[in-house]
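Protein sequence lines, in the order shown, are assigned to chains A and B. Under my numbering, the first residue of the first sequence is numbered -15, with each subsequent residue one higher. Under my numbering, the first residue of the second sequence is numbered -15, with each subsequent residue one higher.
Any given hint could be a false lead.
For lysine-lysine, the following DSS-like pairs were computed, each having C-alpha atoms within a straight-line distance of at most 27 Å [what the hints assert, rightly or not]:
| # | chain 1 | residue 1 | chain 2 | residue 2 |
| --- | --- | --- | --- | --- |
| 1 | B | K233 | A | K101 |
| 2 | B | K101 | B | K233 |
| 3 | A | K233 | A | K101 |
| 4 | A | K233 | B | K(-12) |
Chain B residues, not near chain A, derived (Cβ > 10 Å throughout) [claimed, not checked]:
| # | residue |
| --- | --- |
| 5 | R67 |
| 6 | G102 |
| 7 | S141 |
| 8 | L142 |
| 9 | L159 |
| 10 | L160 |
| 11 | G161 |
| 12 | A184 |
| 13 | P217 |
| 14 | V218 |
| 15 | N222 |
I should point out that these hints are in silico values taken from the structure, not numbers from a laboratory. The beta-carbon is built from N, C-alpha and C at its ideal position, and this holds for glycine as well.
Number of protein chains: 2
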Amino acid sequence: MGTKRIGIVAPAGRLDPLLAERLRLVAGDVEHGPHLFLHPQCFLSDGHFAGDDEARARAFLDVANDPHFNAVWIARGGYGSCRIAERVLGELNGYAREKLYLGYSDAGFLLAGLYAKGCRVAHGPMPADLARPGGEAAVLRALSWLNSADPGALEPSLADGSPAAAFNMVVLSHLLGTALEPDLTDHVLMLEEVSEYLYAIDRTMFHLSAHLALRGLAGIRLGRVSDILPNDPVFAENEEEIVKRWCSKAHIPYLGRADIGHDADNKIVPFGWR
Amino acid sequence: MGTKRIGIVAPAGRLDPLLAERLRLVAGDVEHGPHLFLHPQCFLSDGHFAGDDEARARAFLDVANDPHFNAVWIARGGYGSCRIAERVLGELNGYAREKLYLGYSDAGFLLAGLYAKGCRVAHGPMPADLARPGGEAAVLRALSWLNSADPGALEPSLADGSPAAAFNMVVLSHLLGTALEPDLTDHVLMLEEVSEYLYAIDRTMFHLSAHLALRGLAGIRLGRVSDILPNDPVFAENEEEIVKRWCSKAHIPYLGRADIGHDADNKIVPFGWR
């Protein structure tokens, strides 16, 4: 256990350098804490992205394919992972399959494809969560799990032993039916969302449930759906009623809530059997 | 030709009664114009929707399955068609296959499923377009096409004779891989969008192009992408550069622009061979 080497890359948006410095301070206070390597690509800027597609793919491969790293930690969300996923997945070596990958939100595109390739991935906090209120706890949770597999960092319903996976709803909706889609047979699928209208969540659940009805899921758990945009006129159902209704229609068991979301309480969900 | 009977229903949002009255006046001025029947369901209100799912499905079937109507004209967009599509498509009778269906935006869910079932559908203006600047021209274009198959109402690139289909990008993205997806082999697919961020259009094109790469399309044409939300930081490409790049990656021919969009100039695209 302990003192792992973690490489941080940014396949979507750029990491703020001051936030990176805070991250070093927080990680430095962890006893027997991990060694962090912030790939310089994290600080590149190319419009919407932390460097162009080539730079972001190259940085990801630098760390993933290097035997000296134990984990690849995705710096933040935003948008961009799907643009480099095919390239990255096509160039992974044997060392890439031995390490952990952690992130969420837009990073779900890469986590999905990495999991489909047999890599060890998890949905959980990212360095940029330091900017959230209470975000230090989220980052410490991630560090403690990456460094020493702290079971206290895990999403509590995982204790039942079922294989699991977790995604942002819109990200999963965009990768179903593409080469990035992993086999989720017998998995408990946890879903979370942020900054969407309830009508759009309803529409996304139409799409997700139609696809997932045929995938042999053990069931769906709903994480937090935060910062819901105001619907005009008001939408009759809340997010849980929406998800329950579509699950029922698709004969997918609805298993209750999950302790994940776009917030500092976001717990860690390793994919698959543990 | 001429003096067709057109039934108007609202599978998504409610039609404003004053706008319905303007529609009657506009249609009344068309020589040998059609008879309009505004189904009373158009004016129901149930939160986000023009009546609950049962009322909206029932109204659609009332008109679609009635031999006295030549066409079903969808009143407006919004959100709601995907919630009733399965029910509607399961209960269509033989008369439903003999009539025309016209709409766009959210109505694309129903148009897709109806086309998959062998019905005659078209992407084009709706009654609610009267509320747009210059919207009377859009509504007259639709009436003239529904009433007397006016070729001047058609999207100009259709003149080359290829079978075609047209969709809102997000709507198509949500129906691919579901029971609503039609066979688009050899079709020119026209896409339009409104009120989205360029990064979200890029993400939707990742999903669309991954699916459509395998569908044997003749190619893609891009309609208008209007009211683009401000991207911060600025997105390096415009909408046409985004679509061209994903088409190229998926080996789908990009055929240029299409004269469709969420605006008064929206031309009519009948699906399939004409």
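Each hint tested on the structure:
1. B:K233 to A:K101: holds, 22 Å
2. B:K101 to B:K233: Roughly 31 Å separates the two Cα atoms, so the pair is violated.
3. A:K233 to A:K101: violated, 31 Å
4. A:K233 to B:K(-12): violated, 38 Å
5. R67: About 7 Å separates B:R67 from the closest Cβ of chain A, which leaves it inside 10 Å; violated.
6. G102: holds, 21 Å
7. S141: Holds: least Cβ distance 28 Å, greater than 10 Å.
8. L142: It holds; B:L142 is separated from chain A by about 29 Å at its closest Cβ, greater than 10 Å.
9. L159: Per Cβ check, B:L159 is inside 10 Å of chain A; nearest 7 Å; violated.
10. L160: violated, 7 Å
11. G161: violated, 5 Å
12. A184: violated, 8 Å
13. P217: Incorrect as stated: the minimum Cβ-Cβ distance to chain A is 6 Å, not above 10 Å.
14. V218: violated, 6 Å
15. N222: holds, 12 Å
Hint compliance for this structure: hints 2, 3, 4, 5, 9, 10, 11, 12, 13, 14 are broken, all remaining hints hold.
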